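We have chain Z; now place chains L and Y onto it with these hints.
Residue numbers (our numbering), protein chains in the order written: chain Z, 1 to 423; chain L, 424 to 601; chain Y, 602 to 763.
Among the clues, some could well be false.
Unchecked claim - Here are the simulated distance ranges between beta carbons: (1) L:PHE450 to Z:ARG321: 22 to 28 Å; (2) L:ASN568 to Z:GLU240: 36 to 42 Å; (3) L:GLU492 to Z:ARG171: 43 to 49 Å; (4) Y:SER666 to Z:ASP197: 46 to 52 Å; (5) L:GLY579 to Z:SER334: 37 to 43 Å; (6) L:THR600 to Z:ASP197: 53 to 59 Å; (7) L:PHE585 to Z:ARG32: 54 to 60 Å; (8) Y:GLY659 to Z:LEU331: 50 to 56 Å; (9) L:GLU492 to Z:ASP119: 19 to 25 Å.
To be verified - The calculated lysine to any residue pairs, modelled on SDA-like cross-linking and capped at a C-alpha distance of 20 Å, are: (10) L:LYS517 to Z:ASP353; (11) Z:LYS86 to L:LEU578; (12) Z:LYS301 to Z:PHE217; (13) Z:LYS378 to L:GLY579; (14) L:LYS511 to Z:GLU240; (15) Z:LYS168 to Z:SER208; (16) L:LYS598 to Y:VAL719.
It is worth saying that the hints were derived from the structure and are not from the lab. No experiment lies behind these values; they were computed from the predicted model shown. From the three backbone atoms N, C-alpha and C, an ideal C-beta is built for every residue, glycine too.
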Amino acid sequence: MTLMTPDKSQENQQPTQWEGSLEELKGLVSERAFTGETMLLNMGPHHPSTHGVLRVLLELDGEEIINLLPDVGFLHTGIEKNIEHKQYEKGVTLTDRMDYLAPMNNNFSFCLAIEKLVDLDVPERAQIMRVICLELTRINSHLVWLGTHALDMGAMSVFLYAFIQREKILRMFEMISGQRLMTSYMRPGGVWRDFTDEFYTALDSFLSVFPSKVDEFQRLLTNNPLWIDRTQGIGIIEPETALAWGVSGPSLRGSGVNWDLRKAMPYSGYEQYEFTVPLGEHGDVYDRFYIRILEMYESVKIIQQALKKLPRKGPFRSENRKFVPPPRAELGRSMEAVIHHFKLWTEGFSAPDDEVYVAVESPRGELSVYLHGTGGTKPRRVHFKTPSFMHIAAMPVMSKGHFIADLVAIIGSIDIVLGDCDR
Amino acid sequence: MSLPQPKDPVESVKAALPTAVLDVTAFRGDTTLVVAPEQIVAVCKYLRDTPGLVYNFLSDISAVDYYPEYNRPGRFGVVYHLLSMLYKRRITLKTYVQEEEPVLDSVVSVWPAANWLEREIIDMMGIDFNGNPDKRRVLMPADWNGHPHRRDYPLGYETIMFSFNVEEIMKHKPKATE
Amino acid sequence: MGVVSSKLGNLGVVTTTLDQVFNWGRNGAMWPLLFGLACCAIEMMATQASDYDMSRFGMELNRASPRQSDLMIVAGRVTRKMAPVVRQLYDQMPYPKYVVSMGDCASCSGVYNNYALVQGVDEIVPVDVYVAGCPPRPEQLIHGIMTLHEKVRGESIRNWAS
Chain Z
1 MTLMTPDKSQ
11 ENQQPTQWEG
21 SLEELKGLVS
31 ERAFTGETML
41 LNMGPHHPST
51 HGVLRVLLEL
61 DGEEIINLLP
71 DVGFLHTGIE
81 KNIEHKQYEK
91 GVTLTDRMDY
101 LAPMNNNFSF
111 CLAIEKLVDL
121 DVPERAQIMR
131 VICLELTRIN
141 SHLVWLGTHA
151 LDMGAMSVFL
161 YAFIQREKIL
171 RMFEMISGQR
181 LMTSYMRPGG
191 VWRDFTDEFY
201 TALDSFLSVF
211 PSKVDEFQRL
221 LTNNPLWIDR
231 TQGIGIIEPE
241 TALAWGVSGP
251 SLRGSGVNWD
261 LRKAMPYSGY
271 EQYEFTVPLG
281 EHGDVYDRFY
291 IRILEMYESV
301 KIIQQALKKL
311 PRKGPFRSEN
321 RKFVPPPRAE
331 LGRSMEAVIH
341 HFKLWTEGFS
351 APDDEVYVAV
361 ESPRGELSVY
371 LHGTGGTKPR
381 RVHFKTPSFM
391 HIAAMPVMSK
401 GHFIADLVAI
411 IGSIDIVLGD
421 CDR
Chain L
424 MSLPQPKDPV
434 ESVKAALPTA
444 VLDVTAFRGD
454 TTLVVAPEQI
464 VAVCKYLRDT
474 PGLVYNFLSD
484 ISAVDYYPEY
494 NRPGRFGVVY
504 HLLSMLYKRR
514 ITLKTYVQEE
524 EPVLDSVVSV
534 WPAANWLERE
544 IIDMMGIDFN
554 GNPDKRRVLM
564 PADWNGHPHR
574 RDYPLGYETI
584 MFSFNVEEIM
594 KHKPKATE
Chain Y
602 MGVVSSKLGN
612 LGVVTTTLDQ
622 VFNWGRNGAM
632 WPLLFGLACC
642 AIEMMATQAS
652 DYDMSRFGME
662 LNRASPRQSD
672 LMIVAGRVTR
682 KMAPVVRQLY
692 DQMPYPKYVV
702 SMGDCASCSG
712 VYNNYALVQG
722 VDEIVPVDVY
732 VAGCPPRPEQ
742 LIHGIMTLHE
752 KVRGESIRNW
762 AS
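Okay, chain Z solo, but in the shape it has when bound:
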């Protein structure tokens, strides 16, 4: 399929025609599209409310959507292929750039896979630190989702309020990792550095204020009649259909399926925290919206519990020197440390020629990593199953029979990130 490009020679004769082959759409759109009874309309990849570069081919009867064919890949970066050409630890940097709203989750899932592949331990304290970062990332991601979702529906001010809070989180990330967005903070065996003192102060003040700010967002939206009109009863997906289509995360819980990997198959010590998994009833846009709002409160609860457990001093990375480089200070004292440092940063560590699979609950849903080693220092294959990919695949199920304006609400409610989808 090529784009409709204006051809100068034909400009005066006829309007621009569809240049893609209609043949390949046989069986995907209804028969009426071929007779011209329904209209095929292109939406995207440059469209303000497709959250990036999603292209959707719509078959419309009037304004009603008969069929919908999502077209992704406009942001396919070849990250999986690039990781195959890098050593394990260096691949972590690339995973940030997949789901750029939740970089820590990507780092974490990839590190978890490496740790499982080489059987590397993670100290208890590092696990708690990871949980704090993961939940902060979840809040961060939900704030962007809230802002853009509301913006798409015409509520401008929520975007501005949400980004004030988000900046605070980004500043905290900067304190611990030196970067605002692409943190690369999680490394195999733990995290890169210890939390700084200013981070604790900033986190405390953030946590004390944030729940009241979410209340503020709720006052703007939750009972707003306009918002309710736009969202309730739109984009309904039944629980059975959602499961069959591989929908996960808040979008699945919006349909009332009680499935959260943090609760059901805990990792990184999530079983030690008390939190509830908010559930919806109807599986519409409003339920998915409300669940994410409630999840922000739950994340705050988890961070508060984790902060109570977290000792201020202690190990933040594994002591296994075969996989984890020694701290800088040791290099001046120990020859062995120099050797380890040199080996790890030039050659890297090797992993067995076998495969592992881990799945974590990212803000969008189940993010899973399939990692296959070669026996050498580079992986044979990395595959990320990303929630956005599955959600875009399930979009036709949700949006058939709705108007285009509702499609914008549906795209917002499944919280897609195209970098996450295309990788």
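Just chains L and Y now, with coordinates in the frame of chain Z:
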């Protein structure tokens, strides 16, 4: 409501479909069933529908290329990760596909979610799936040649520009005009 | 401007050159195209949101249509699949138009030296200002736009009206 007792997936599949399971491997606590390629749909259906197993959620389908080592029964491995939400456990199915004829049966009839995951493999690995309703490329442009995730497909590395080779590179580097 | 407003009094007459009026107008309301590709787009959103507030520089409106915009901020990696779209959007923008290449990926494809990406967006559209960083901080983007303003201020109407 009482749940049916969980069954051992390996034993039940072996009993129900004796020719399907070629091998069972375990690594770091994960069980992998190596399944005969022609039986993959039957095994998936059995694992989904049998009480006591109920692997109702398709987590992932991914493919791995063993080029250039050929130390496995086939060049490609296609890996299915299933999840049972009822019993909170996972299982991995693996099939090997030959280089000469990379074709498998599609499991779209079992889980519609497989549609796009298979499309990605068709696009990126060049393994065909019989019965997939939509075989257009999903990630790469429609007119792309080759399957980028194969191990014999080059990464497409471009020489990095330094002051000693800048002239050489700028000679053939495209430059946009107004 | 070549005149100081406090000196004008109630005359209501300003003498200046046409160049300066044009450039003042173009700098004061340079509307960027609402065009986000990847990670950098999130930082671009942050630049426009409350804390950094790019509308201080006359950029509060992000036009969704290329026909109404003067500035294209290529925020993120440009893939080979996306490249024709980027070029078409550029072609649809009216003159005078400017391009800021935001981030390493757009400038030279950054960490991804591979099959999928265009190795620098300057292969498909002419770029005025490159902003480094992965992703650049909002301050960096604002600095890049200030640099562009400086460039625009130095332009002359004779060069583009011909």
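We went through each hint and held it up to the structure:
1. Between PHE450 of chain L and ARG321 of chain Z the Cβ separation comes to about 24 Å, which falls inside the hinted range of 22 to 28 Å.
2. At roughly 40 Å, the beta-carbon separation of ASN568 of chain L and GLU240 of chain Z lies within the given 36 to 42 Å, and the hint holds.
3. In this structure, GLU492 of chain L and ARG171 of chain Z meet the distance hint of 43 to 49 Å, their C-beta atoms being roughly 48 Å apart.
4. Evaluation of the 46 to 52 Å hint for SER666 of chain Y and ASP197 of chain Z yields a pass: the beta carbon distance comes to about 49 Å.
5. For the pair GLY579 of chain L and SER334 of chain Z, the beta carbons lie near 42 Å from each other, so the given range of 37 to 43 Å is met.
6. At about 54 Å, the beta-carbon gap between THR600 of chain L and ASP197 of chain Z stays in the expected band of 53 to 59 Å.
7. The given range of 54 to 60 Å is respected by PHE585 of chain L and ARG32 of chain Z, whose C-beta atoms sit roughly 59 Å from each other.
8. Distance hint check: the CB atoms of GLY659 of chain Y and LEU331 of chain Z are about 52 Å apart, consistent with the given range 50 to 56 Å.
9. Against the hinted window of 19 to 25 Å, the Cβ-Cβ separation of GLU492 of chain L and ASP119 of chain Z comes to about 23 Å, which satisfies the hint.
10. With a C-alpha separation of about 15 Å, the suggested pairing of LYS517 of chain L with ASP353 of chain Z holds against the 20 Å cut-off.
11. Proximity of LYS86 of chain Z to LEU578 of chain L is assessed by CA-CA distance (about 12 Å); at most 20 Å being required, the pair is judged to hold.
12. Of the supplied pair hints, the one linking LYS301 of chain Z and PHE217 of chain Z holds, its CA atoms being roughly 18 Å apart against a limit of 20 Å.
13. Between the alpha carbons of LYS378 of chain Z and GLY579 of chain L the distance comes to roughly 18 Å, so the proposed pair stays at or under 20 Å and holds.
14. Note on LYS511 of chain L and GLU240 of chain Z: the hinted pairing holds, with a Cα-Cα distance of about 17 Å set against a maximum of 20 Å.
15. Of the supplied pair hints, the one linking LYS168 of chain Z and SER208 of chain Z holds, its CA atoms being roughly 13 Å apart against a limit of 20 Å.
16. For the proposed pair LYS598 of chain L and VAL719 of chain Y, the alpha carbon gap of about 12 Å is at most 20 Å, so the pair holds.
Hint compliance for this structure: no hint is broken.
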